[in-house]
Each structure stands twice: as structure tokens, then as C-alpha cells.
Amino acid sequence: MVSPLLTDLFESHRPHLLSVAYRLTGSVADAEDAVQESWLRMAGVHQSEIDDLRAWLTTVVGRICLDHLRSSAKRRETYVGQWLPEPIVSRPGSGGDPLELVVRDQDSRLAAMVILDALTPQQRVALVLHDGVAVPFAEIAEILDVTAEAARQLAARARKALVRAPEPVADDVHDAAVRRFLAALATGDVAAVAATLHPEVTFTADAGGTTGTALNVVAGVEKFARLAVSWWLEHLGESLLELESVAVNGQSGLVLTDPNSPFGRPVRVLAFTVRDGKIWAAYDFANVAKLSGARTR
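Here this note's numbering is used: the sequence shown runs in plain steps of one and ends on residue 736.
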């Protein structure tokens, strides 16, 4: 039986473990499962075998998440369209949810999460565990079943990929860019929308074949602007869906809900990355099966 003291200690580490697991898997459901499984494994180990509970739990979560990543890689082989990490959606005042603590970390911003999702499982584990939580390469090597030098090289290659993500901007800069974009979008003027976009802008939609959307990444100001106006008219012009401003992975985005649903469940989430004061990327999360982190009630 786990002592109340050890239970309290575990709960104090839950936000940290959830943050690590989310960055490792890109899935809210998998992250929560991994943290819960680490609790069960801890309960089966004598306390005298654990010198540093936080470090021990972090390593256990890393092993569990590696298995999740390998399983996810197989699912992605047959996935229709683009694959995005699951978003974490929150409203003001939801600070009691451990997920809210996860997205306070700028490493969980969407641009970084998208690049993490493109890494190999081994690269991702090596990078997140070493650079994110300072796990020594010798311990990472044991998790990955490679040498310490190989683990170091895996992290180095992942680090090079991650530099492609723009640095997160301050919340007020992000909010202002999103407001300008939405205001232009509401006019239906393609040129006005284009003026709010970064020259390198991209649009990525993840629907998994469940609904109509762009199957490929759309790049370029003109293409994006026309698509954005069309998307706006299709989903909000004559639609009964409700639109609400929320935080997506810690910064302003949008959630579309169906008021006819008894639980007001989200049916779509739209998020953004801002660079140089303009929209650099937009992400359309349209697969409701991947919206377990959209807790808007």
C-alpha cells in the first residue's frame, strides 16, 4: 500500500510529469495515461529502492512514452492527411487543471510541438529528457538501448531541427496579430487578410479523414489568404457553430463548438504561431478524436 506521504509527493510531481509526457508524445490522452502508469509502477516498488522520486518518475515516464511513440508511428502510416500534436485548450480561470501548468512552459508552444512530432521517437526522447529536464545521457541511453554517445548524437540532431521553430512572442504581441488577422478575415477581403500574414505563412489541417479540409500543407500568402476567407465563410457564414476565443497551448486561438451537443463539445480548434508581428502559421484541428485536451467546460 502506498503511504499518504508518497501519494502527496507523487501529486506534487504530476504537473512536471504531465509536461514531460505531453512534450514526449504530443498527445494529451497518452500523456495522462503515461503519468497514471508511472503511479502504478511506483506503487509496486519498495520506497527504499527510490533515491530521488522526481528523477525516478521522470525516467519511468520516458520509457512509457517511448512505447507510446512507437505505437503512434505505426498509426501515422495510415493516417489520412496531416498529423498535428493534440492541442491544449483552456479558458481564463482554469488554473486548477494540471494541463494549464503544462502550457505555461514555452517549450509546449505549438510551433515547437509540431517539430517535435516530426522527430523520430529516439530523437524526441533524447532531446526532451536531456534539454528539457536535464536527464544525463547515460540514463537516456539505457531507456533507448543505445550508447551514451549515440544518445548525445540523437539529441544534437533533434536540436538542429528544433531551431526551425520561431521563438515564442509575448502574449500581447501574439494577441494583437491574431486580432488583426480575424478582423481582416471578417471583412472577407482577401487583400486585407494577406496584409496580416508573414511571407512564410503556412496552413496545416489535421482531420484524419473525418471532415473536409486541406490534405496538404498550404504555403504562401496568396493561397493562405484565399483559403482562410473560404474557411471562414464555410464554417461560420451560415453555420450554427459557436466561435469562442480561448488559449491554445498558452496563447490565443479559437474553438468552435456545437451548441446542440449536450456537452458543448468542441468540434474544431484553430491556433496560430506569430512571427514579426504577423501570422506565421495556422493550425486547424478538425479531428475530434484528438481534442481530449480541449477542456472548455
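Hint data in this document are derived by calculation from the structure and do not stem from the laboratory.
Quick reminder that beta carbons are idealized off the backbone N, C-alpha and C, glycines included.
One should not assume that every hint holds.
Cβ pair distances, simulated, as ranges [unchecked claim]:
#1 587 to 447: 45 to 53 Å
#2 445 to 603: 15 to 23 Å
#3 516 to 627: 56 to 64 Å
Straight line, CA to CA, 20 Å or less: simulated SDA-like cross-link-like pairs of lysine to any residue [what the hints assert, rightly or not]:
#4 662 to 612
#5 599 to 587
#6 717 to 599
#7 513 to 587
#8 662 to 633
#9 717 to 587
#10 599 to 633
#11 717 to 621
#12 513 to 648
#13 513 to 472
#14 662 to 637
#15 513 to 545
#16 717 to 700
#17 662 to 630
#18 662 to 689
#19 599 to 630
#20 662 to 599
#21 717 to 556
#22 662 to 614
#23 513 to 475
#24 513 to 599
#25 717 to 628
#26 513 to 481
* Asked: Is residue 717 within 20 Å of residue 599, Cα to Cα?
  -> The given pair, whose Cα atoms are some 24 Å apart, is violated under the 20 Å limit.
* Is 15 to 23 Å a correct range for the gap between the Cβ atoms of residue 445 and residue 603? -> 42 Å Cβ-Cβ, so the 15 to 23 Å window is violated.
* **20 Å limit on alpha-carbon distance, applied to hinted pair residue 662 and residue 637** => Holds, at about 12 Å.
* To do: Starting from residue 513, check that the Cα of residue 481 is at most 20 Å away, please.
  => With Cα atoms ~29 Å apart, residue 513 and residue 481 exceed 20 Å; violated.
* Asked: Holds or violated: residue 513 with residue 587, Cα cutoff 20 Å?
  -> Distance ~27 Å between residue 513 and residue 587 Cα, so the pair is violated.
* Pair hint residue 599 and residue 587, alpha-carbon separation not exceeding 20 Å -> Given that 20 Å is the threshold and the Cα spacing comes to 19 Å, the pair holds.
* Asked: Under the criterion that the straight-line Cα-Cα distance not exceed 20 Å, is the pair residue 513, residue 475 satisfied?
  -> violated, 23 Å
* Please work out if residue 513 and residue 648 have their alpha carbons no farther apart than 20 Å. => Status holds; Cα separation ~17 Å.
* When you check the alpha-carbon spacing of residue 717 and residue 621, does it fall within 20 Å? -> holds, 12 Å
* Holds or violated: residue 717 with residue 587, Cα cutoff 20 Å? -> At roughly 41 Å apart (the allowed maximum being 20 Å), residue 587 and residue 717 break the hint.
* Decide if the proposed pair is consistent with the structure: residue 513 and residue 472, CA atoms, cutoff 20 Å inclusive. => holds, 19 Å
* Asked: Between residue 717 and residue 700, is the straight-line Cα distance small enough, at 20 Å or below?
  -> At roughly 35 Å apart (the allowed maximum being 20 Å), residue 700 and residue 717 break the hint.
Violation of the numbered hints given earlier is confined to hints 1, 2, 3, 4, 6, 7, 9, 10, 15, 16, 18, 19, 20, 21, 22, 23, 24, 26; the remaining hints are satisfied by the structure.
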